[in-house]
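Trainee: The lines below spell out each chain.
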Amino acid sequence: MTTLQKVQDIQETDVEIGESRLGKILFYLVLILFALFFVLPLLWMVVTAFKPFEEWLTPNWIPVNPTLENFTSIFNDKSLPVVNWFLNSLLIASLFTLVILIIDSLAGYAYARLEFPGKNLLFGLMLATLVMPGIMFLIPNYLTVARLGWIGSIQGVIVPGFAGVFGVFFMRQFFQSLPKELEEAAYIDGASVWRTFFSVILPLSKGPLITLGIITFLTSWNDFLWPLLILGGDRQELTLPVGLATLQGQYTFDYGKLMAGALVLTIPVLILYAVFQRYIIRSISMTGIKG
Amino acid sequence: MATTNVESINVSAGTAARKKKNVSIVPYLFIAPHLIFFTAFLAWPFIYGFYISLFRFDFLQPNNRPFVGLRNYANLFDPGSVQFPKFWNALGNTAEFILWSVLPLVGIALVLAVLLNRNYPGRGLFRTIFFAPYALSVTVAAVLWWWIFQQTGIVNQALQLIGLSPVNWLGDLPGAWVAITICTVWWTIGFNTIILLTALQEIPKSLYEAASLDGANSRQQFFLITIPMLRSVLVFVLTITLIASANLFGQPYIMTAGGPADGTQTVIYRIFFEGMLRGQMGTAAAMSIFVALLLLVLTYLNFKFFGQTEQQ
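So the protein lines, in turn, are chains A and B. No gaps in the numbering here: position 172 of the first sequence is 172 in this note's numbering, and each next residue is one more. No gaps in the numbering here: position 280 of the second sequence is 280 in this note's numbering, and each next residue is one more.
This is chain B alone, in the form it adopts within the complex (with noise of 0.2 Å):
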């Protein structure tokens, strides 16, 4: 009896195991749908955006495409090009942008994560509030705000409600800016407060446990255990925040059109107007590809910077 149920067992596991060498078309035909939608969509643009970089590349001009080298990147170094002032001017903005939004969207969203991770009645209530502006699309997010900073619009209501003069929020540098930037705090915040709190709720209570018995006030506990602990998990989110930033681009079309006087144009905008609206191609990828890489360095500083003072 025994023996028998050995022998089942080792001829089962057998013709398993035979099973899977000569079926092994199988796994690939699990990965098989979504490896072909990857090759077409992600892995072949990789490498056809680098060669529609190289022509002069006229959506509607389909006969005449003349390989142009490296003249489409060259041209976004060259002051004297039509590329150069808009592509800079956008690059600028860009980084403008990056400078008002990173800081609150990581600083606010800490603190309220952790106004969250105490224990209080209502805390669900709370968190609920806060993530949800960012279910809601773009485009409400931003309409809704356009309607709040508008000349007529509440913001003004209060200001001259209180005795101050009306601004032109989006009209006017940089009123455009704390518009925008005020709107996609509002919209966005939720992701990171999540990623925060989780990560808080991760920390041992029994580090905290240890210090307070060792003496340690909230504030030191904060700055010696909270954020420590929290290190790769803020480089994380300071990464993704600053990329997220340099994607701007639904807010200022619908807020403020790229104005004042392309003075919100980012460089995702500038993108979309070279190929979408110009139709040139050629140098939007060239522009596309350049900006990739500039956010690739930007990661990879990010990472070294913060993430070797973890080490330590």
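Only chain A is shown next, with the shape it has when bound in the complex (with noise of 0.2 Å):
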């Protein structure tokens, strides 16, 4: 008995000596390479962006004589409004976001524990389009558009993505986990469905609220082929994606102003990311278990 253990000790510290060497410095050292990777081409975007003119195709990794000439002078050309299109930008994400939140809760909640009539045929339906490639819906969704007069305008960017199933079905997989005695509870005192639900439920969903709201929300600011079929006609009125390809169609080769243009639009994106990571992660993991 003592043996054995004493085997199996001698075993264990053998592998972990063994990998603690060598084995440790090139796991790291992969690890590296691929952090490397990913770091290195934003690390260009920043350098390109503080760097004045005559060093732009310099290979200098720290720039001579560092310059705010770039974005100065991208935020003073009054045919790039970059700040207006930053605040279509803000006020399309948050509006949609805001939106989601709200339609798809509701549904979520009725998918999930209400009983009516129609109900299986209507998530069929719903699954059914989950399969069903987005292209289908681009045409026919843009004559819908110019019929109701929106193109141009923010109601044609955000109003057809009301129509999406996934927080529908992240938000009904949540409220799925919940215990039944909840609701019961309120039944018994008497609380109707709806308030059952907005005193209830809701205070309880804040988390799956959260995930949602900042996927929706990165979805929606990063969007490009809907913002730019939508508003590709009107450079006043811009989302900032679309903003920096119309950038760099003007600036061709202004290489530090393009840079200092995609720094500004990346900026919000990786604070909301290193603020809400976790959230962020959570949510594509879903995805996941629920393929």
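Be aware that one or more of the hints could be misleading.
What the hints assert, rightly or not - Straight-line alpha carbon distances no greater than 30 Å define the calculated DSS-like cross-link-like pairs of lysine-lysine that follow:
{"hint": "1", "chain 1": "A", "residue 1": "Lys206", "chain 2": "A", "residue 2": "Lys180"}
{"hint": "2", "chain 1": "B", "residue 1": "Lys205", "chain 2": "A", "residue 2": "Lys24"}
{"hint": "3", "chain 1": "A", "residue 1": "Lys119", "chain 2": "B", "residue 2": "Lys304"}
{"hint": "4", "chain 1": "A", "residue 1": "Lys206", "chain 2": "A", "residue 2": "Lys119"}
{"hint": "5", "chain 1": "A", "residue 1": "Lys119", "chain 2": "A", "residue 2": "Lys180"}
Said to hold, decoys possible - If you anchor each label on the Cβ, the simulated ranges turn out as follows:
{"hint": "6", "chain 1": "B", "residue 1": "Pro33", "chain 2": "A", "residue 2": "Arg278", "range": "22 to 32 Å"}
{"hint": "7", "chain 1": "A", "residue 1": "Lys180", "chain 2": "B", "residue 2": "Ile47", "range": "31 to 41 Å"}
{"hint": "8", "chain 1": "A", "residue 1": "Ala274", "chain 2": "B", "residue 2": "Phe223", "range": "28 to 38 Å"}
{"hint": "9", "chain 1": "B", "residue 1": "Phe77", "chain 2": "A", "residue 2": "Thr72", "range": "54 to 64 Å"}
By construction, these hints were calculated from the structure, which means they are not laboratory data. Even for Gly, the Cβ is constructed at its ideal location relative to N, Cα and C.
Take the two lone chains and join them into the complex the hints point to.
Mentor: Right under this line is the structure:
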């Protein structure tokens, strides 16, 4: 018995020593190489954004004469209202997120907990659209938005997205995980379905709502093809991602200005990411579990 | 006392039940806000898209949109039609990008997930770093890598530093695909990594303990436990990666404008061009539906092929 334990101990320590020397160094080396692949391009963006014109094409990783002129010149160019674009993006993403949280938590709750004729049919239809490639909806939705007179408007950008089913599934999945006793107790106390939802269920849903809110905000903030279609014609009213593409068309080889624009677009997202990383990652893990 | 309690419970349970039956409109009020948008922008366009595809539907000629039956679809298979050469070129390009991108997007994600699944100091930091680019807009990712792969860019400067001649990455094939693929891997691989990492963490540790007691080394454990346990998640990741790659648009739009000589013009790019720039909504809708069908078949085959081996 004791000898057997000893043998095991020795084997275990053997393995650890073997791994701790060469294995650990190799392991960290691989990790660091990957990390560099992800970080260096971002760093290069920052470095270029702070370089004066003469230095753009030099391989220096530290600008010799760092400058803010790239930022000031894109912010002062009246034909490229970056501030407008920023506010537009903020408004669009915030409004979109707010509405999605409201309508998707309401619908998610009904599909999770309430009984009504047609529920399975409707839910099946929603499931089916999840499989449908998004490209099918692009042309007809563009025509619908055009008929509503919404081309070039904020409604045109955000309203079609309210149809999305991801948030409904996401909230439904959460509501299903809550114990039924919560509602039963509320009903016995005479609370209506509405009251139960707003004063019992919603206060318990902060975590999922934040998660869905962050992922929805990011998706909207970063969206490109749809706002390009809807807003592409009017330079004053673009979103930042579409604006940056316009910037590239305008400034083709003004790399410093382009990288300054890209940095303006990146900073809010990275802050959001740094603060809410846990929520974003959790929502993605849930996508995987669902699949 | 006891009886009154029971009675009151019965009564309130009764009213609750009655309430539910009487106010059965309530659930519909819960779903209505979403359902209205769902109907208008997901259910209706499904039908409307088919309808449009049966007309010669020129956006700029609202009074001249004759019914053409299945002509728009037939044109996609008629080598003499205007659409044929560019559409099939775009389909071919999309297939080529799928070949370039799917293996690294799934393979490297698996490597990263395995690296992140161990316990070591700094693990959280590495996870944050690997995932960060995914939070960016496609425009940022594409403009950034467009700059990196410029002829005067840092990649070519590095090549010259080690004595190699510079490459016209974005103006030549396959250089443009290399640049677009690296950009895409950099931008999106965090998503696949997180999904695979989550799945890895759900594999019971006891399996590995049992295997190592039986004398299985770490490579055997990887191929005999990790891969089989991950199989269904891998099929899922493979499928969403295929679909995402088939939807490639922003990267070539920004990095190459579909060039050189339409060499990176993808099928979404083509539909965008046909519908939005040429205003031919009918043919663009037909293309969309054809591509959607292809994607559905691809998804189905993927699940059938890999899903079945899972059961054996």
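Trainee: All the hints need checking, so say for each whether the structure fits it.
Mentor: Outcome of the hint check:
1. A/Lys206 - A/Lys180: holds, 18 Å
2. B/Lys205 - A/Lys24: Cα-Cα ~21 Å, so holds.
3. A/Lys119 - B/Lys304: Answer holds: A/Lys119 to B/Lys304 is near 29 Å, not above 30 Å.
4. A/Lys206 - A/Lys119: Distance ~26 Å between A/Lys206 and A/Lys119 Cα, so the pair holds.
5. A/Lys119 - A/Lys180: holds, 19 Å
6. B/Pro33 - A/Arg278: 22 to 32 Å: holds, 29 Å
7. A/Lys180 - B/Ile47: 31 to 41 Å: Hint holds: Cβ distance 38 Å, inside 31 to 41 Å.
8. A/Ala274 - B/Phe223: 28 to 38 Å: holds, 37 Å
9. B/Phe77 - A/Thr72: 54 to 64 Å: Holds - the Cβ-Cβ distance for B/Phe77 and A/Thr72, about 55 Å, lies within 54 to 64 Å.
Of the numbered hints given earlier, the model fails none.
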